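Q: Since the structure of chain A is provided, determine the placement of chains B and C on it from the hints.
Protein chains in written order, with the numbering used here: chain A, 1 to 250; chain B, 1 to 544; chain C, 1 to 329.
If you're looking for bench data, these hints aren't it; they were derived computationally from the structure.
Everything numeric in this text was worked out from a predicted model, so none of it was measured.
Any given hint could turn out to be false.
Partner residues aside, some chain B positions facing chain C, computed with beta carbon under 7 Å [claimed, not checked]:
| # | residue |
| --- | --- |
| 1 | 138 |
| 2 | 220 |
| 3 | 234 |
| 4 | 491 |
| 5 | 492 |
Subject to a maximum C-alpha distance of 30 Å in a straight line, what follows is the list of computed DSBU-like cross-link-like pairs (lysine-lysine) [what the hints assert, rightly or not]:
| # | chain 1 | residue 1 | chain 2 | residue 2 |
| --- | --- | --- | --- | --- |
| 6 | C | 138 | B | 314 |
| 7 | C | 302 | B | 407 |
| 8 | C | 138 | B | 60 |
| 9 | C | 278 | C | 302 |
| 10 | C | 32 | C | 101 |
| 11 | A | 71 | B | 372 |
| 12 | B | 53 | C | 157 |
| 13 | A | 215 | A | 71 |
| 14 | C | 236 | B | 314 |
| 15 | C | 193 | B | 53 |
| 16 | B | 328 | C | 32 |
| 17 | C | 101 | C | 149 |
| 18 | B | 536 | A | 125 |
| 19 | C | 258 | B | 122 |
| 20 | B | 98 | B | 407 |
| 21 | C | 140 | B | 314 |
| 22 | B | 407 | C | 59 |
| 23 | B | 328 | C | 278 |
| 24 | C | 278 | B | 122 |
| 25 | A | 92 | A | 63 |
| 26 | C | 193 | B | 60 |
| 27 | B | 94 | B | 527 |
| 28 | C | 329 | C | 149 |
| 29 | C | 302 | B | 122 |
| 30 | C | 188 | B | 60 |
| 31 | B | 314 | C | 41 |
| 32 | B | 375 | A | 67 |
| 33 | C | 236 | B | 328 |
Glycine residues also receive a C-beta, built at the ideal position from the N, C-alpha and C atoms.
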Amino acid sequence: MLVLKNVRKQFDGKVVLNGIDVEIANGEIVSMLGPSGSGKTTLLNIILGLTPMDSGTIIFNDKDISKVSMKERGFNIVFQDYALFPNLNAYKNIIYGVKNRPDLISKEELDGLIDFLELEPHLSKQISQLSGGQKQRVALARTLATKPKILLLDEPLSALDGVIKETIKDRIKAITREYHLTTIIVTHDPEEALTMSDKVLIIDQGKVSQFGTPKQVIHQPQNNFVEEFILRQLRIKRDNIYNLFEGCHA
Amino acid sequence: MRKERLETQLIYITVAIFFAVFLFAPLFILLMNSVRTGHGIGISNYISVICDKDILIAIKNSIYVSALTALISTILAFILAYAVNCTKIYKALKEIIKVGIVLPMLLPTITYGFAIIYSFGKQGLLTQLFGRELFSIYGFNGLLMGYVIYTLPSAFLLINNSFGYIDKKFIIVSTLMGDGFFRSFTNTILRPLVGTLGGAFVIAFILSFTDFGIPASVGGTYSVVATQLYQVMLGAIPNFNSGSAIAMIMLMPAIFGVLFLNYLERFNFHYDKFTNIGIVKNRMRDIYLASISMTTILSIILIFLVMFITPFVKNFPYDMSFTTSFFKDTLFSTSIMDVYHNSLFVAIASALLGTIISYSAAIINVRTPISKQVKLSIDVFSMITNTVPGMVLGLAYLLLFNSSDLKGTFAIIIICNIVHFFTTPYLMAKNSLAKMNPSWEITGELMGDTWIKTIIRVIIPNSISTLVEMFGYYFINAMVTISAIIFLVTARTSVVTSKIKELQHFANFNEIFVLSILIFLTNIGMKIFSVFLHKKLSFTNQRG
Amino acid sequence: MKKKVKNLTLCFILASMLIGLVGCASNNSPQKVVIYTNADKEAVQAMQNSLNTAGYEGKYVLQSMGTSELGGKLMAEGDKIEANLVTMSSYFVESAQQKHKMFADLNFETKALEKYPAYYTPMLANTGAIFINTQVIKDKGLAMPKSIKDLTKDEYKGLVSIPNIMNSSTAWLLIQAIISEYGEVEGKVVLNKLIQNCGPHIETSGSGPIKKVRVGEVAVGFGLRHQAVADKAAGKPIDYIDPIEGNYTLTESIAVVKKADTATTKLAMDMAKVIIQKARPELIKDYPVALYQGEIVTDVNKAGNPKIFAKPLTVELLEAHQEFFKAAK
Numbered sequence: 001m002l003v004l005k006n007v008r009k010q011f012d013g014k015v016v017l018n019g020i021d022v023e024i025a026n027g028e029i030v031s032m033l034g035p036s037g038s039g040k041t042t043l044l045n046i047i048l049g050l051t052p053m054d055s056g057t058i059i060f061n062d063k064d065i066s067k068v069s070m071k072e073r074g075f076n077i078v079f080q081d082y083a084l085f086p087n088l089n090a091y092k093n094i095i096y097g098v099k100n101r102p103d104l105i106s107k108e109e110l111d112g113l114i115d116f117l118e119l120e121p122h123l124s125k126q127i128s129q130l131s132g133g134q135k136q137r138v139a140l141a142r143t144l145a146t147k148p149k150i151l152l153l154d155e156p157l158s159a160l161d162g163v164i165k166e167t168i169k170d171r172i173k174a175i176t177r178e179y180h181l182t183t184i185i186v187t188h189d190p191e192e193a194l195t196m197s198d199k200v201l202i203i204d205q206g207k208v209s210q211f212g213t214p215k216q217v218i219h220q221p222q223n224n225f226v227e228e229f230i231l232r233q234l235r236i237k238r239d240n241i242y243n244l245f246e247g248c249h250a
Numbered sequence: 001m002r003k004e005r006l007e008t009q010l011i012y013i014t015v016a017i018f019f020a021v022f023l024f025a026p027l028f029i030l031l032m033n034s035v036r037t038g039h040g041i042g043i044s045n046y047i048s049v050i051c052d053k054d055i056l057i058a059i060k061n062s063i064y065v066s067a068l069t070a071l072i073s074t075i076l077a078f079i080l081a082y083a084v085n086c087t088k089i090y091k092a093l094k095e096i097i098k099v100g101i102v103l104p105m106l107l108p109t110i111t112y113g114f115a116i117i118y119s120f121g122k123q124g125l126l127t128q129l130f131g132r133e134l135f136s137i138y139g140f141n142g143l144l145m146g147y148v149i150y151t152l153p154s155a156f157l158l159i160n161n162s163f164g165y166i167d168k169k170f171i172i173v174s175t176l177m178g179d180g181f182f183r184s185f186t187n188t189i190l191r192p193l194v195g196t197l198g199g200a201f202v203i204a205f206i207l208s209f210t211d212f213g214i215p216a217s218v219g220g221t222y223s224v225v226a227t228q229l230y231q232v233m234l235g236a237i238p239n240f241n242s243g244s245a246i247a248m249i250m251l252m253p254a255i256f257g258v259l260f261l262n263y264l265e266r267f268n269f270h271y272d273k274f275t276n277i278g279i280v281k282n283r284m285r286d287i288y289l290a291s292i293s294m295t296t297i298l299s300i301i302l303i304f305l306v307m308f309i310t311p312f313v314k315n316f317p318y319d320m321s322f323t324t325s326f327f328k329d330t331l332f333s334t335s336i337m338d339v340y341h342n343s344l345f346v347a348i349a350s351a352l353l354g355t356i357i358s359y360s361a362a363i364i365n366v367r368t369p370i371s372k373q374v375k376l377s378i379d380v381f382s383m384i385t386n387t388v389p390g391m392v393l394g395l396a397y398l399l400l401f402n403s404s405d406l407k408g409t410f411a412i413i414i415i416c417n418i419v420h421f422f423t424t425p426y427l428m429a430k431n432s433l434a435k436m437n438p439s440w441e442i443t444g445e446l447m448g449d450t451w452i453k454t455i456i457r458v459i460i461p462n463s464i465s466t467l468v469e470m471f472g473y474y475f476i477n478a479m480v481t482i483s484a485i486i487f488l489v490t491a492r493t494s495v496v497t498s499k500i501k502e503l504q505h506f507a508n509f510n511e512i513f514v515l516s517i518l519i520f521l522t523n524i525g526m527k528i529f530s531v532f533l534h535k536k537l538s539f540t541n542q543r544g
Numbered sequence: 001m002k003k004k005v006k007n008l009t010l011c012f013i014l015a016s017m018l019i020g021l022v023g024c025a026s027n028n029s030p031q032k033v034v035i036y037t038n039a040d041k042e043a044v045q046a047m048q049n050s051l052n053t054a055g056y057e058g059k060y061v062l063q064s065m066g067t068s069e070l071g072g073k074l075m076a077e078g079d080k081i082e083a084n085l086v087t088m089s090s091y092f093v094e095s096a097q098q099k100h101k102m103f104a105d106l107n108f109e110t111k112a113l114e115k116y117p118a119y120y121t122p123m124l125a126n127t128g129a130i131f132i133n134t135q136v137i138k139d140k141g142l143a144m145p146k147s148i149k150d151l152t153k154d155e156y157k158g159l160v161s162i163p164n165i166m167n168s169s170t171a172w173l174l175i176q177a178i179i180s181e182y183g184e185v186e187g188k189v190v191l192n193k194l195i196q197n198c199g200p201h202i203e204t205s206g207s208g209p210i211k212k213v214r215v216g217e218v219a220v221g222f223g224l225r226h227q228a229v230a231d232k233a234a235g236k237p238i239d240y241i242d243p244i245e246g247n248y249t250l251t252e253s254i255a256v257v258k259k260a261d262t263a264t265t266k267l268a269m270d271m272a273k274v275i276i277q278k279a280r281p282e283l284i285k286d287y288p289v290a291l292y293q294g295e296i297v298t299d300v301n302k303a304g305n306p307k308i309f310a311k312p313l314t315v316e317l318l319e320a321h322q323e324f325f326k327a328a329k
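Looking at chain A on its own, in the form it has when it is part of the complex:
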């Protein structure tokens, strides 16, 4: 269980996070949704341990980790642009962390991971030879190989083409279920957030706007922001697609 209590952060006098309270259960997939500048990426970095918070508490499995360093927290992240190392091939990228801590993952587990992400044919390729989806999977494998206690994904789908987005979405879901991983995803796309996760954390101007399951968000929007900025565009999208398909049937 990850508990955030009253997390606050300012940058140069500007309030970015204004008291965030959230509880995330183990094994849950949670999306953090909000417009750019809402503070969601800052929150992700605070959970990761990269950015220190001004005040507040973070408790993970009943331990206060507020002051624990990024390295010791044992969480890991896949960055938006993957941050793969171009001087190493796909396989060497995947085992980058394993080289530092060989006892962390067994050969079988590693093979299983590679197998699960269908990376076998690409292992000897250089990074620049990989497609966007393949890079995404290599980055995912590299992060998972360190067996993170929480997996953080920063805009995991933003760099991908439309077609591949759906398959990656499924794969992320599948893998977090497979490894029973607590996963926190940052995204600005309501459709992505609502279709990928168990719970959605909507953030607006540094505050929690609503925290609940996709169903709750859709059927019981708690305020004007959720209604106006999240649901309205989803409804327009839905109507457009309905019209399209009905037109075809007729």
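A: Chains B and C only, in chain A's frame:
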């Protein structure tokens, strides 16, 4: 912000101490010397220097000839860059222009003067070809020609680079909007380049103003600041205080130049991408520009051609029969080979250490969360090293380290080179490091690396190509410099360029040219090596 | 591919370290004797030949420089100078000794014709004269000059070359001649016209004028007499003229710098001995002035109009004459 790591602080402190001792302290001593008079502190040195008719004339001459050089170089460089970027001249021709123009950079400037003398002098190669002396080369004409050859490559590289960033779509738009040639040219080429052209002018001016090699060889009676400084320091009656004052005066235009360059920055258009768009066909333009560029390149090559001929004929220009005896004699004489080894050692050590220091400084600046003031301070180091002319730095070292153990060592020459040529490699490293993914260090840390480990496993392997380029830059410049080291070399540590200066005393041109050829070939070797490695690396990266 | 690059880089680093080590090693090995000299090419060659024959090859470093540069170093640095052995114009050696007491007494017998101080002995002597390129004189239809004053005539404009007294002691031979003959007042006028006629051909090196005369860059020059004599003998279109104003002479001497490093100083002393005893036969061919007992020179090499300057030659006098030259510009 994350905590600053101990390693980065250590590296910063090392770099800062290095510059404190080898840049700021010498300059401070220089300043102190320039205001030290028989009775305390005062500006009497400056007054006596400025009242000295000879020095005043030298300053006037320097400003005049440098300004004229800068004007010619900038215009010529612009025409060449235009030919390379905005015409449909054959690709091979463009390559010849690009390579030919930078060839002089592989030679010490002192050689330029001798090549000019042997080309245009009364018995010069070109004089023979044309049947008469074209013009008197000693003094103003020779200086102007030498300076133009010397500054043209720098001006060209700068302008050519900016051409790459001009949005060529504007040219199409301008044509579609019905602009005539001149309107289109002014709006789409000249205006975006104003800052760069100004920059090229300033750089050409500073380079000419502070160069020692060309006036030392071809200056004749036309005195300039650099030769005056040399004479005051190493003449019959060395006067360190006057020398310091002249050095400070030499520093002035450089300071104004750099300030002006920073001011010009705002005129530079920043496009993020190279654009490549078809160029409109125009045969007249192409023929015209191609002939200008080829004439320029051929002239440069022709001037230096003599250097490869004289050492191989019996008695230039009277007996032109081929002989290798001068070449062999020079090459196999122990004193010459010793000097060549010294040069090679100095160049390699300067390149190796210089690359390490400038790369470390760039890493601290670009890839660590160290405070803004610290980052700014490193940029300031870089800017100051860029401002201080080689002769001034060398003189400052002479003043500070004259009674220390560093006097007469290779170390002081190497350090002087490292400081003097710091800016360009540092900026190369900064550029390349800034382009790398900013999350690599965090990723490495999350994967269990220490910071140093990520630098070694990821950052350095991805910089190899830049590192080779930096190494090459340091190597070639250390090989050809004379201004920076002329006050620091001694008999035991003499290098090829200072040996050339020494041989000039005997007007021993054969040996001078043989040594120049040696430098040239070494630098060509270095260039080929780095291009080869660069190609190989980019090939590997393309494959993977 | 990567491995290759890695290896290459590694090799490069190793190679440079190796060179670095070699560089350091040679610094630690017994010190080479550093010789500073203002001598011309021929004299340097003679010195090197005698040293190499005596087995000193590779045990010394020889650095040539202009008289003014070396003079400046001697006066400014004293015994802190890098050199162990110096060959230099005698008046400079004397002045430097006066100021710094920097030279050791020579420990060998010289048998010089004249008496010299214990800390130096002359290596060679130079005599000044006018020389011409006979071809150019003929082509331009010029009259044969007889005196330095002749060179100030308008017909010689741009066709005369002289050395610069700011850098070269050879030029002093010229200034001495002018001042002795014409005095400071008229001399200034003569020198001014001469400088005008030289234009860009005022050379920093004493051998600059003969080079320009040889290649026909100018018609007439002032410099060392023996160089012109040698050129004429070699069949070049060169002739020499002993000017009415007189042939003046300067000696160049050798001296050993007193240093704490006695081993190197001793080696330097041995080298000085070798140069004086073994190089003189070769030197006298190029610089044909007898300095030691038993030396003979041919008649052509005996200057036609030898004169000696009234005052003793010192650095102070040179400086006065430099000022005279500057003022005449």
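Q: Work down the list of hints and note, for each, if the structure agrees.
A: Hints and how they fare:
1. Hint status for residue 138 of chain B relative to chain C: holds, with the closest Cβ pair at about 4 Å, below 7 Å.
2. Evaluation of the residue 220 of chain B hint against chain C yields a held restraint, the C-beta minimum of about 4 Å falling below 7 Å.
3. Checking residue 234 of chain B against chain C: minimum C-beta separation of about 5 Å stays under 7 Å; hint holds.
4. The closest approach between the C-beta of residue 491 of chain B and any C-beta of chain C is roughly 4 Å, which is under the 7 Å cut-off, so the hint is satisfied.
5. A hinted interface residue such as residue 492 of chain B counts as satisfied when its beta carbon comes closer than 7 Å to some beta carbon of chain C; here the least separation is about 6 Å, so the hint holds.
6. Restraint check for residue 138 of chain C and residue 314 of chain B: the C-alpha separation of about 26 Å stays at or below 30 Å, so the hint holds.
7. Proposed proximity of residue 302 of chain C and residue 407 of chain B is contradicted: the alpha carbons are some 46 Å apart, above 30 Å.
8. In summary, the hint linking residue 138 of chain C to residue 60 of chain B is not supported, as the alpha carbons are separated by about 40 Å, beyond the 30 Å threshold.
9. For the given pair, residue 278 of chain C sits about 23 Å from residue 302 of chain C by alpha-carbon distance, which is consistent with the 30 Å threshold.
10. As the CA atoms of residue 32 of chain C and residue 101 of chain C are separated by approximately 23 Å, the hinted pair is consistent with the 30 Å bound.
11. Taking the CA atoms of residue 71 of chain A and residue 372 of chain B, the gap is about 25 Å. The hint holds against a cut of 30 Å.
12. A distance of roughly 25 Å separates the Cα atoms of residue 53 of chain B and residue 157 of chain C; the hinted pair therefore holds under the 30 Å criterion.
13. Simply put, residue 215 of chain A and residue 71 of chain A have alpha-carbon atoms about 36 Å apart, too far for the 30 Å limit, and the pair is violated.
14. A threshold of 30 Å between alpha carbons decides the hint, and for residue 236 of chain C with residue 314 of chain B the separation of about 15 Å falls inside it, so the pair holds.
15. The hinted pair formed by residue 193 of chain C and residue 53 of chain B meets the criterion: a straight-line CA distance of about 20 Å does not exceed 30 Å.
16. For the hint linking residue 328 of chain B to residue 32 of chain C, the alpha-carbon distance of about 25 Å falls within 30 Å, and the restraint holds.
17. Taking the CA atoms of residue 101 of chain C and residue 149 of chain C, the gap is about 41 Å. The hint is violated against a cut of 30 Å.
18. At roughly 18 Å between alpha-carbon atoms, residue 536 of chain B and residue 125 of chain A fall within 30 Å of each other, so this suggested pair holds.
19. The hinted pair formed by residue 258 of chain C and residue 122 of chain B fails the criterion: a straight-line CA distance of about 47 Å is larger than 30 Å.
20. Proximity of residue 98 of chain B to residue 407 of chain B is assessed by CA-CA distance (about 41 Å); at most 30 Å being required, the pair is judged violated.
21. Taking the CA atoms of residue 140 of chain C and residue 314 of chain B, the gap is about 28 Å. The hint holds against a cut of 30 Å.
22. A threshold of 30 Å between alpha carbons decides the hint, and for residue 407 of chain B with residue 59 of chain C the separation of about 21 Å falls inside it, so the pair holds.
23. Between the alpha carbons of residue 328 of chain B and residue 278 of chain C the distance comes to roughly 27 Å, so the proposed pair stays at or under 30 Å and holds.
24. Between residue 278 of chain C and residue 122 of chain B the alpha-carbon distance is near 40 Å, which puts this suggested pair outside the 30 Å criterion.
25. Between residue 92 of chain A and residue 63 of chain A the alpha-carbon distance is near 34 Å, which puts this suggested pair outside the 30 Å criterion.
26. Pair hint residue 193 of chain C plus residue 60 of chain B holds up; C-alpha atoms about 25 Å apart against a cutoff of 30 Å.
27. Simply put, residue 94 of chain B and residue 527 of chain B have alpha-carbon atoms about 19 Å apart, close enough for the 30 Å limit, and the pair holds.
28. For the suggested pair residue 329 of chain C and residue 149 of chain C, the alpha carbons sit about 16 Å apart, so the restraint of at most 30 Å is met.
29. Of the pairs offered as hints, the one joining residue 302 of chain C and residue 122 of chain B is violated, with about 33 Å between alpha carbons and a cut-off of 30 Å exceeded.
30. Distance hint between residue 188 of chain C and residue 60 of chain B is fulfilled; the C-alpha atoms sit about 27 Å from each other, no more than 30 Å.
31. Between residue 314 of chain B and residue 41 of chain C the alpha-carbon distance is near 18 Å, which keeps this suggested pair within the 30 Å criterion.
32. The straight-line distance between the Cα atoms of residue 375 of chain B and residue 67 of chain A is roughly 28 Å, inside the 30 Å bound, and the hint therefore holds.
33. Annotation: proposed proximity of residue 236 of chain C to residue 328 of chain B holds, straight-line Cα distance about 26 Å (limit 30 Å).
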